[in-house]
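J.: Here is what each chain is made of, one letter per residue.
Protein chains: 2
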Amino acid sequence: MRTRFDVGCVIPMNDEGDIFRPGTVVFDETGIQYVGSPEACPAVAERTVAMPQGILLPGLLNGHNHAAMALMRGMADDSPLFEWLSHHVWPLEARLTPDDIYLGTLLASAEMIRSGTVGFADMYFAMDAVAAAVEKTGMRAWLARGLVGNEDPTGEKLAEAVAFCQAWAGKANGRLQTMLGPHAPYTCPPEYLARVAEAAKSHGLGIHIHLSESRDEMDQMATLYQKTPIQLAHDAGIFESRTLIAHGVYITADDLRWLEGIQGGVISCPVSNAKLGNGIMPYPLLKEAGIPVGLGSDGAASTNNLDMFLEMKMMAWVQKLSGHRPDAFRAMDALWAATRGTAQVLGYDGGVLAPGRPSDFIVLDGGRPHLTPEWDVVANVVYAASGADVRYVVVDGRILLDDGLITTFDEEAVAAEARKRQALLAKR
Amino acid sequence: MRTRFDVGCVIPMNDEGDIFRPGTVVFDETGIQYVGSPEACPAVAERTVAMPQGILLPGLLNGHNHAAMALMRGMADDSPLFEWLSHHVWPLEARLTPDDIYLGTLLASAEMIRSGTVGFADMYFAMDAVAAAVEKTGMRAWLARGLVGNEDPTGEKLAEAVAFCQAWAGKANGRLQTMLGPHAPYTCPPEYLARVAEAAKSHGLGIHIHLSESRDEMDQMATLYQKTPIQLAHDAGIFESRTLIAHGVYITADDLRWLEGIQGGVISCPVSNAKLGNGIMPYPLLKEAGIPVGLGSDGAASTNNLDMFLEMKMMAWVQKLSGHRPDAFRAMDALWAATRGTAQVLGYDGGVLAPGRPSDFIVLDGGRPHLTPEWDVVANVVYAASGADVRYVVVDGRILLDDGLITTFDEEAVAAEARKRQALLAKR
Chain A
1282 MRTRFDVGCV
1292 IPMNDEGDIF
1302 RPGTVVFDET
1312 GIQYVGSPEA
1322 CPAVAERTVA
1332 MPQGILLPGL
1342 LNGHNHAAMA
1352 LMRGMADDSP
1362 LFEWLSHHVW
1372 PLEARLTPDD
1382 IYLGTLLASA
1392 EMIRSGTVGF
1402 ADMYFAMDAV
1412 AAAVEKTGMR
1422 AWLARGLVGN
1432 EDPTGEKLAE
1442 AVAFCQAWAG
1452 KANGRLQTML
1462 GPHAPYTCPP
1472 EYLARVAEAA
1482 KSHGLGIHIH
1492 LSESRDEMDQ
1502 MATLYQKTPI
1512 QLAHDAGIFE
1522 SRTLIAHGVY
1532 ITADDLRWLE
1542 GIQGGVISCP
1552 VSNAKLGNGI
1562 MPYPLLKEAG
1572 IPVGLGSDGA
1582 ASTNNLDMFL
1592 EMKMMAWVQK
1602 LSGHRPDAFR
1612 AMDALWAATR
1622 GTAQVLGYDG
1632 GVLAPGRPSD
1642 FIVLDGGRPH
1652 LTPEWDVVAN
1662 VVYAASGADV
1672 RYVVVDGRIL
1682 LDDGLITTFD
1692 EEAVAAEARK
1702 RQALLAKR
Chain B
1282 MRTRFDVGCV
1292 IPMNDEGDIF
1302 RPGTVVFDET
1312 GIQYVGSPEA
1322 CPAVAERTVA
1332 MPQGILLPGL
1342 LNGHNHAAMA
1352 LMRGMADDSP
1362 LFEWLSHHVW
1372 PLEARLTPDD
1382 IYLGTLLASA
1392 EMIRSGTVGF
1402 ADMYFAMDAV
1412 AAAVEKTGMR
1422 AWLARGLVGN
1432 EDPTGEKLAE
1442 AVAFCQAWAG
1452 KANGRLQTML
1462 GPHAPYTCPP
1472 EYLARVAEAA
1482 KSHGLGIHIH
1492 LSESRDEMDQ
1502 MATLYQKTPI
1512 QLAHDAGIFE
1522 SRTLIAHGVY
1532 ITADDLRWLE
1542 GIQGGVISCP
1552 VSNAKLGNGI
1562 MPYPLLKEAG
1572 IPVGLGSDGA
1582 ASTNNLDMFL
1592 EMKMMAWVQK
1602 LSGHRPDAFR
1612 AMDALWAATR
1622 GTAQVLGYDG
1632 GVLAPGRPSD
1642 FIVLDGGRPH
1652 LTPEWDVVAN
1662 VVYAASGADV
1672 RYVVVDGRIL
1682 LDDGLITTFD
1692 EEAVAAEARK
1702 RQALLAKR
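Residue numbers (the working numbering), protein chains in the order written: chain A, 1282 to 1709; chain B, 1282 to 1709.
Okay, chain A solo, but in the shape it has when bound (with noise of 0.2 Å):
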């Protein structure tokens, strides 16, 4: 069905830097069609939506997240982070089921799709659960088994996280995609990261991992190996295939030759660094090395709120914050983390509005009092807009959130199962 939106203003994120006001998008299953001013739009369409006040810009990539962990929202907060994990954490999803990993999925995609978020790269496990849960929400999603070295001295879960790869890349109209997910350095020795990285090239798969996040894990490295974690997944083959390395926390100018040359690139999470007392990711250098950085929440167990506007808020915050300067770093580079950076680190060619792109897109209510007025559409956005100003997301030509309303699926329903497992999981 082809679709027309006539809103107050497109925002493209094209390298031209356009910006449409008034614009006009036009699209269906097959991708976009139209995009630029209303006058000049030729497309005759089956629905139309005019929305005066909207902003509509390229949907949000949720480029790190652990989705069913929104079961665990808030649970031990503000708990140093070994006692958070290895007791409360580690022995609650030993007890987790296959449903509610599903379930806690969905709950994250509520939240997800109201927040303007079409597409999250993600690592868990039971990723057969998630799968299906990403079929039913109709969001695309780059998942990965996460992969922890210690428990698979066989190799068997290896092959099964292969196996998930081979069975579902591309399923769901190709909003499924696949990769490996060798969980971290401190997890993973050396020689499983390499045996990780050989499958991933043997078999033509991405990969997720996560590298530099805590002062722990570099200290860690540096005394069992002298490296740090950059270089000994450099070391192990890892860089090889294309590489989503989440945090990056502690990436250092030494490191920048590990990475030379790297496919993917890194997701920063400012909101999960800061909050958990992590650090500040080392932007401007990344950048000056042409490294491409794109943003992500990290799991609600530990970030609380998956609302990727608080992500790019907390990322301009942090930047300007470390570079001592407001300039250092604008609403548009939080913008293009958050679309074409996460997009670039995946290899994928949305996060862009133009004609034969994936029609993946939000529309913003830009009439609110803290939307008004409009000295600047991005910074607007960017620094004054949340999640809850979402009225549309349109993901691969379909209609996720249609007027403030999920049409996959009963987000009341799920919430509601949600409290009763949550209050299951609490004492069992």
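Hints may be right or wrong, so weigh each one.
Stated by the list, open to error - Calculated pairs, SDA-like style, for lysine to any residue (alpha carbon to alpha carbon, straight line, at most 25 Å):
1. B/LYS1708 / A/PRO1303
2. A/LYS1701 / B/MET1332
3. A/LYS1508 / B/HIS1605
4. A/LYS1708 / B/ARG1302
5. B/LYS1508 / B/ASN1454
6. B/LYS1708 / A/TRP1656
7. B/LYS1701 / A/ALA1331
8. B/LYS1701 / A/PHE1301
9. A/LYS1708 / B/LYS1508
10. A/LYS1708 / B/ALA1375
11. B/LYS1701 / A/ASP1657
12. A/LYS1701 / B/GLY1648
13. A/LYS1708 / B/LYS1568
14. A/LYS1708 / B/LYS1701
15. A/LYS1568 / B/MET1332
16. A/LYS1417 / A/PRO1303
17. B/LYS1701 / A/LYS1568
18. B/LYS1568 / A/GLU1541
19. B/LYS1568 / A/GLY1560
20. A/LYS1701 / B/LYS1568
21. B/LYS1568 / A/ASP1657
By construction, these hints were calculated from the structure, which means they are not laboratory data.
Start from chain A and add chain B according to the hints.
T.: Coordinates of chain B only, in the frame set by chain A:
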């Protein structure tokens, strides 16, 4: 009129740390009559609001604002500070009429009410217009005319400010309170600060002042007077009256001796302090010294969004960053700062729900996906909720936001007029 709220959870923020689940609050214009479990509630009410997923807590108090600057939201955003002020903000402020300021304050109030703020401390000019807006909106406010010493050689403006204070203090059924507002030590020389301090003492007025906000301010005061801004204010006699110190980013351990026994305290503005690249307020130092710390947004021209839920998040995030530990600052510390902390700084008996206290509170819709499930209701309120989750706002016993609708003025007309006025201001 006696009104009763029956909700899923009441967080009264009392010293006992009570949480009532389910909970009931009964109030009228004279104050709160009951806070507790529904069964024990004896009061008969004329109206009952039932919200089984509702989370009821004291209304948030924004301790530092320049409300009318909402008209400049996003203007020349991300520019270096001096360029922004001298080429954009000051020239535009010179053209603002009292009517613009009335409108800007209404615009900011729509945003504040919608996001759960019940009262704010404001420093601006044409304050009669700000006071008139506060009368209209039904909010509480602590108003100070900003005084720039260099522009007041005869003390005429100081005299006008005192007259403003006397004219408006206690008006609007006590919702309006007034203070003196010497802008900052870099705009008010020591002799002028001493005159303001003297006027405050002789008229029994509190003082609202920007202190220790930026590195530049610290350097300038050191060069000119060989003092920190805190010592300078102390020596001018400012702290002999109740003082609201906005920002306090660069307060040092040495400064504590000048703050000993201070009435009032520090209002942290973590978003503004990050967005302008200034830094992080030393919360542990102030907490250790027993100095009250509240929370504020600063003006929307630099902060862009007046949502105090963003400020609570950012306060927690930057304090955890600066403490390098997730437990360096907890969700309850942020909620305390935004309610009782600001109240303490202002000398206000609100910010807590108990019989006889002011009936100022808010109710969130806790059933939304991003607030589900509920392992920790305070973590959900601080880390996961946003202002957009607020459904009811009650101030001084009057419902200002009723199931999502502002009752005291037409917010759409205000937003429409603000858009028109912006177009004119951009041309003037």
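J.: Honestly, which of those hints from before does the structure not fit?
T.: Numbers 5, 9, 10, 13, 14, 15, 16, 17, 18, 20 and 21, in rising order.
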